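**Q** Below are the chains, spelled out letter by letter.
Number of protein chains: 2
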Amino acid sequence: MKYVIFAIITFLLGPVASMAQRPPSLSSPEVHADNRITFKYFSKKAQKVMVSGEFLTAPQAMIRDTSSIWSVTVGPVKPDIYPYAFTVDSVQLADPSNTQIFTNERFKRSIVEIPGKTPLVHSLQNVPHGKISYRYYQSKTLGTTRQMLVYTPPGFKPNGTKKYPVLYLIHGGSDTEETWTKVGRANFIADNLISQGKAIEMIIVMPYGNVRPAPMADFTKDVVSDIIPFVESNYPVLTDSKHRAIAGFSVGGGQTLNIGLTNTDKFAYICSYAPYTATEEFQKNFSNYAPDANKINSQLKLFTISVGTDDFLYESVKKNIAMFEDKKIRVKSYIVLGGHTWMNCKQYLATTLQEIFKN
Amino acid sequence: MKYVIFAIITFLLGPVASMAQRPPSLSSPEVHADNRITFKYFSKKAQKVMVSGEFLTAPQAMIRDTSSIWSVTVGPVKPDIYPYAFTVDSVQLADPSNTQIFTNERFKRSIVEIPGKTPLVHSLQNVPHGKISYRYYQSKTLGTTRQMLVYTPPGFKPNGTKKYPVLYLIHGGSDTEETWTKVGRANFIADNLISQGKAIEMIIVMPYGNVRPAPMADFTKDVVSDIIPFVESNYPVLTDSKHRAIAGFSVGGGQTLNIGLTNTDKFAYICSYAPYTATEEFQKNFSNYAPDANKINSQLKLFTISVGTDDFLYESVKKNIAMFEDKKIRVKSYIVLGGHTWMNCKQYLATTLQEIFKN
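Residue numbers (the working numbering), protein chains in the order written: chain A, 10 to 368; chain B, 10 to 368.
In isolation and in its complexed conformation, chain A is listed as follows:
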């Protein structure tokens, strides 16, 4: 009862009372033991509230109760982490009660995790945890200070004798440098695979791949001339190509091909996830591609391209794979079920982390 009174006082006097109309505190989403999910939204004025998400085949209507709380319970849903959003009348928005945000430049969505009975590779488990650091570097290429995220593994010693291999990991089209951790859970995937002995200890660098209005090709320069030197002067890392990998999703998957295959002396591992390649830079690099395949095949320890059969880029990616095969470049293709989603993308990363730096 005291708690209820406190909650009411908090509601009335809440710290942003100056912006008023503060909604009541709701618990949304609530994930139930049977893998169903309840979503809630408060609105006195809305005519229609829907929830859409990559676990639903169609948006579901939410029902208003007498206290203007709209809700719906869906599922059971297959254990995974999914983006979702509410549509209130004509407006799509992130769930106001959920702090887990899909970091993106063009929309705001929320994230829900259905843990399931057996911990998934991307779940927070009771294992030693690495650390994500938010770092700033000076990009001479782009003339600005930019942010990158750096994962260091459990037990990392910045000044010890052990030196680490580095994976450079690039987000999708309108994502940001935070999307690989906030949505892709790259840190938990690495923690879990390292603790199981399935991946070796590595540093994962997650830069911000959007350089607009500069030409996209400037990101290749930024990686090679600014990001790699920053990492190599600030972290104890191995600096030969066999200890450097590059991977990325969607637009970042296209950037991975551009950066990696024009720098096979620098990256022995290139892993492209559902690459988006309808870009000037890809056109320039690969429309008249005449590689020394023997040389490249001897430089690369691993070159993979992953895609799902429901991905809207599936046909395009198959053409990319065929093109590389036609040029006699050794490429391993991973064709799986699923679409152009972060659910798939997390699996691509989990597969990759178990393969790189091992030969």
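Calculated directly from the structure, the hints in this document are not laboratory data. As the structure is a prediction and not an experimental result, all values here were calculated from the model. Just so it is clear, CB atoms sit at the ideal spot from N, CA and C, and this is done for glycine as well. Some hints could be false.
Simulated pairs of lysine to any residue, SDA-like, Cα-Cα distance not exceeding 20 Å [unchecked claim]:
#  : chain 1 : residue 1 : chain 2 : residue 2
1  : B       : K166      : A       : Y143
2  : A       : K140      : B       : T153
3  : B       : K140      : A       : Y143
4  : B       : K57       : A       : G169
5  : A       : K191      : B       : T185
6  : A       : K140      : B       : K140
7  : A       : K166      : B       : T185
8  : B       : K172      : A       : G169
9  : A       : K172      : B       : P167
10 : A       : K149      : B       : P137
Covered stretches of chain B, as calculated for chain A (at least 3 residues, CB under 8 Å) [what the hints assert, rightly or not]:
#  : segment
11 : 44 to 52
12 : 129 to 141
13 : 158 to 168
14 : 262 to 270
Go by the hints and put chain B onto chain A.
**A** Relative to chain A, chain B alone:
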């Protein structure tokens, strides 16, 4: 032209085409050299779009153009960092085009920075940058793994001989462990003050202060029994009370008083910003408060309470200050202009950082 075509293709084939109805890429907010700000929002169906923000006395209507882009230019606005939101018909939401989010459990707002001509203390400046690390710790008190953010200063050596003082810094009511960096820019404020020699090098620990449904008092236990031991076993820090400070805003300002004044053997610096004290825990600690003032005054090197004259808690905070004075506890009050805002809160922090660990 090629860029325009690429932009159109990206829009048509965008990575989340599966969720369709993707809006065009907008640049919002745009901050102009004369400190005016242009906001944009895309909607074909909205009847009315408004922008509200802590730089406006009233919400401003946005005007729709023939391509369904709603916009308005406001200001000039006094240089600072402000939260703002759009209201589309009845729905308040964060700006979909802006990745700078006000991290909060109960609403989604966006952040806009008006840099001004002279760099402000919270701005990204060309100085050496510290690092923010996202860490996980096991809370025995709360029985879960929780996240905290840890700022380490420029030049920080984790295994060097130098040992650092630590500030524990707590967010407001429905904020999260990210709000002090994402909105409060604690890291840039520290970087700038350290580089100017105005603050000494320190570690800043930003925990997550919300422990509901556990009683709020459990956060005091969590800080003392779980967070401090985690920090002291993972960072090279000084562990006497003269090298430990606690500060917090709003609900976190109340927690600061509860945690600090019941542990004056552990914290020699207590800085409370616009404290919200209508809580059971505060009531329990201070309604029959009978302190040994001489002892406490000799333990504390600095005890400050800050508030703005337009703060909705102003009267309440004045009573808190009077209560401590009445009990002969030496308290320094900072009464400034302004309301219960993060603009004020950043100033409280900037003042505090220049005072702690100096005597």
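**Q** Now, for every hint given, state plainly whether the structure supports it.
**A** Now the hints, each set against the structure:
With a C-alpha separation of about 16 Å, the suggested pair K166 of chain B and Y143 of chain A falls inside the 20 Å cut-off, and the hint holds. For a cut-off of 20 Å, the pair hint linking K140 of chain A to T153 of chain B stands: about 18 Å separates their Cα positions. Pair hint K140 of chain B plus Y143 of chain A holds up; C-alpha atoms about 6 Å apart against a cutoff of 20 Å. Restraint check: the Cα-Cα separation between K57 of chain B and G169 of chain A comes to about 59 Å, which exceeds 20 Å; the hinted pair is violated.
Distance check on the hinted pair: K191 of chain A and T185 of chain B sit about 14 Å apart at the alpha-carbon level, within 20 Å; holds. Simply put, K140 of chain A and K140 of chain B have alpha-carbon atoms about 11 Å apart, close enough for the 20 Å limit, and the pair holds. Restraint check: the Cα-Cα separation between K166 of chain A and T185 of chain B comes to about 29 Å, which exceeds 20 Å; the hinted pair is violated. Taking the CA atoms of K172 of chain B and G169 of chain A, the gap is near 18 Å; set against the 20 Å cutoff, the hint holds.
The hinted pair formed by K172 of chain A and P167 of chain B meets the criterion: a straight-line CA distance of about 16 Å does not exceed 20 Å. Between K149 of chain A and P137 of chain B, the direct Cα distance comes to roughly 16 Å. Compliance with the 20 Å bound is thereby established for this hinted pair. Check result for the segment 44 to 52 of chain B against chain A: violated, 1 residues qualifying (beta carbon to beta carbon below 8 Å, three or more required). Judged by the Cβ-Cβ criterion of 8 Å, the segment 129 to 141 of chain B is covered by chain A as claimed, because 5 of its residues qualify and three suffice.
A count of 3 residues in the segment 158 to 168 of chain B with a Cβ less than 8 Å from any Cβ of chain A is obtained; the coverage claim is therefore met, three being the minimum. Three residues within the 8 Å Cβ limit are the bar, and the segment 262 to 270 of chain B against chain A gives 0, so the coverage statement is violated.
Taken one by one, the earlier hints fail for this structure at numbers 4, 7, 11 and 14, listed in ascending order.
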